[in-house]
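**Student:** One letter stands for each residue in the lines below.
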Amino acid sequence: MLNKLSQFFMRRRNWSIPYAIFLLVFVVVPLVLIVAYAFTDEEGAFTLGNFRKFMMHPEAINTFIYSIGIAMITTIFCLILGYPAAYIMSQKQFNTSKTMVVLFILPMWVNILIRTLATVALFDFLKLPLGEGALVFGMVYNFLPFMIYPIYNTLQKMDQSLIEAAQDLGANPLKVFTKIVLPLSMPGIFSGILMVFMPTVSTFAIAELLTMNNIKLFGTTVQENIYNGMWNYGAALSLIMLLLIAIMSFFSNDEDSVQNESGGVI
Amino acid sequence: MQETNYIIEVQNVSKYFGEKIALDNISLKVKKGEFVTILGPSGCGKTTLLRLIAGFQTASEGEIRISGQEITLTPPHLRPVNTVFQKYALFPHLNVFDNIAFGLKLKKLPSSIIEKKVKGALKMVGMTDYEYRDVDSLSGGQQQRVAIARAIVNNPEVLLLDEPLAALDLKMRKDMQMELKELHKSLGVTFVYVTHDQEEALTLSDTIVVMSEGRIQQIGTPIDIYNEPINSFVADFIGESNILNGTMQKDKLVSFAGHEFECVDEGFGENTPIDVVIRPEDIYIFDPSDAAQLRGTVTSCIFKGVHYEMLVQTEEGYELMVQDYNCFETGREVGLLVKPFDIHVMKKERTCNTFEGHLVDENHVEFLGQEFECLPVKDIEAGATVKVEVDFDRVILQDNEEDGMLTGDVNFILYKGDHYHLTVHSDWDEDVFVDTNDVWDDGDRVGITIAPEDIRVIGC
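From first to last, the protein sequence lines stand for chains A and B.
Oh and the first sequence: position 247 is 247 in the numbering used here, straight run, nothing missing.
Add 1000 to a position in the second sequence, counting from 1, and you land on the number used in the numbering used here.
Simulated from the structure, these hints should not be mistaken for lab results.
C-beta atoms are modelled at their ideal positions from N, C-alpha and C, and glycine is treated no differently.
Some hints here could point you the wrong way.
[Stated by the list, open to error] As a list, the in silico DSS-like pairs of lysine-lysine whose alpha-carbon atoms are at most 30 angstroms apart:
#1 A:K175 with B:K1105
#2 B:K1087 with A:K92
#3 A:K92 with A:K179
#4 B:K1117 with A:K175
#5 B:K1107 with A:K175
[Claimed, not checked] For each label pair, taking beta carbons as the anchor points, the in silico distance ranges come out as:
#6 B:F1017 with A:F250: 44 to 50 angstroms
#7 A:P183 with B:Y1016: 33 to 39 angstroms
#8 A:I105 with B:Y1016: 49 to 55 angstroms
#9 B:T1072 with A:M72: 48 to 54 angstroms
#10 A:N172 with B:N1005: 30 to 36 angstroms
#11 A:V28 with B:K1116: 55 to 61 angstroms
#12 B:G1188 with A:F250: 49 to 55 angstroms
#13 B:N1411 with A:S16: 48 to 54 angstroms
Please construct the entire structure, taking both the sequences and the accompanying hints into account.
**Tutor:** Structure below.
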């Protein structure tokens, strides 16, 4: 008996069982439930009514589009701020002790809600109005490290001799960047975009806190519906959001496969 | 102007990386159209020199000129040179065509001309029809051809090659060597080629520059370098050789291995200690007879394909390597003979270790960062700067680092027929030269000890 038990634990494959159970209970089952709820009405009969309701409901669609817009703006800001930061960090002469990397990653050690509450306090202190601007600021602040890190990762792994080869063939520093460094860091950029866009498009806590509940994002709509017992409609909205993110990932993975230098996180 | 004969002029160039000296006062001139090889062991500074010419690093001191133009501080993209990198450095996001066209597109040439030139370059390296292949789908040899095509398509005045064949297997390397030589002939461009492979250097070059420890040891044609090595380092690095201690008795008479030999060298003075180099293929081996200058016993005999390589222990206790088409089995008594012009005599770089130090007190002297006990020194005041001499064979090496007064790494081993001559790089960053009968390996950590009676203190 004991022998059999120890044999069971010796097999490397069996070590994954605890996580497999976790995965089943907290990932697979909820996903199945979301799909099941989205395609049924309150009596449990199959229906496409939930999706029809979304299509007929201009407010929901507007929120949806608005959320995508905010997520895009956040992602663009993160890219504009994050790329140069990642580039500087990847240059050895600026970053001999990796202090910079730690400094950029440091905010991630603080809980996201605490950071957001601190942002609210900061805006109050500076007498700045909360609202759209504060929302974008808060999201960029929260998600910037997710943009920097994958880009830093690809840049840092880049073969230095490729840059030298480009210089050698007559490329000035600008051309080296546009023809070699930028194309080769594309996997990192896509990874970063995905990692910023995904959480921002579905966020609701940050939006509530930073806009005093004045601006509604799609995440908020989903949350409100679920909260008010409209599980079927809420599930349908979640599914739409999941679909959007899935399409995004699919496209960027496709780009990744073109770039053979895979340095991104995803 | 006579200067224009030289396409590359490197003048008194030094390069430091922090405290470390990578290049120490290098001067080199390369003629237009020449195939120059910079040859040396790893870490000798050959790649650094190439990178200075390419512009990836800048010289700490000195001046570099290409076609008479000072380019010491010019960034790489403005230099009329192109480089073939050791690991090819092909752009992974571009296909073969775009890789080769990279330089041409930057020059904004019309696309019809670009296409013609790229096709021409591909044809030259024997890669026609590979234009639209992904570079990662190519083999190592093919990638290297693309890298060469990418460099030559820009018509550089100088083509720099940084160990381009090091990653290829032997057969492929031999083929590529021949192709490179052909390419050099047909292009007429100056090639500067860096390698650690002496055979490659001898095969390819018009001129070989032998480097060691950041300095140029010898510049010459392959034949010169092979036949008349300037010092024991070059002799040992290029080809197989027997290097022995000897004494120049007078002009045209040298003694080594316990005998006197006629030779063709003169001008060394009388009774001067020298190094003798004899190539193994220059020693005649035969059954013992009156013609023999040396007699001995074969201790090992290995078939090497074209010839046999034999080790002969002479009656006087010297071991010589001999190459011959005939086989003399192990244990056989043989006679040896060397013709006068096959004896190469080299001035010794040094006859004993010389260090700079200072006298601490009558019985102690400090050098190599350590205080050593010495025999009582008279006539010199304590604290004075002194010269310290230690004979090669009086330096004792120990396995156990802690047993030594200081420690170092063995970094060059030369077999001298009856003993080993080692260069030990001490942790004080000065070399200590040691004669020993013990066998050490390159890279061994050793303790170094010198007995008080073996330290000669000389006032300055």
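**Student:** Please list, smallest to largest, the hint numbers that this structure does not respect.
**Tutor:** 8
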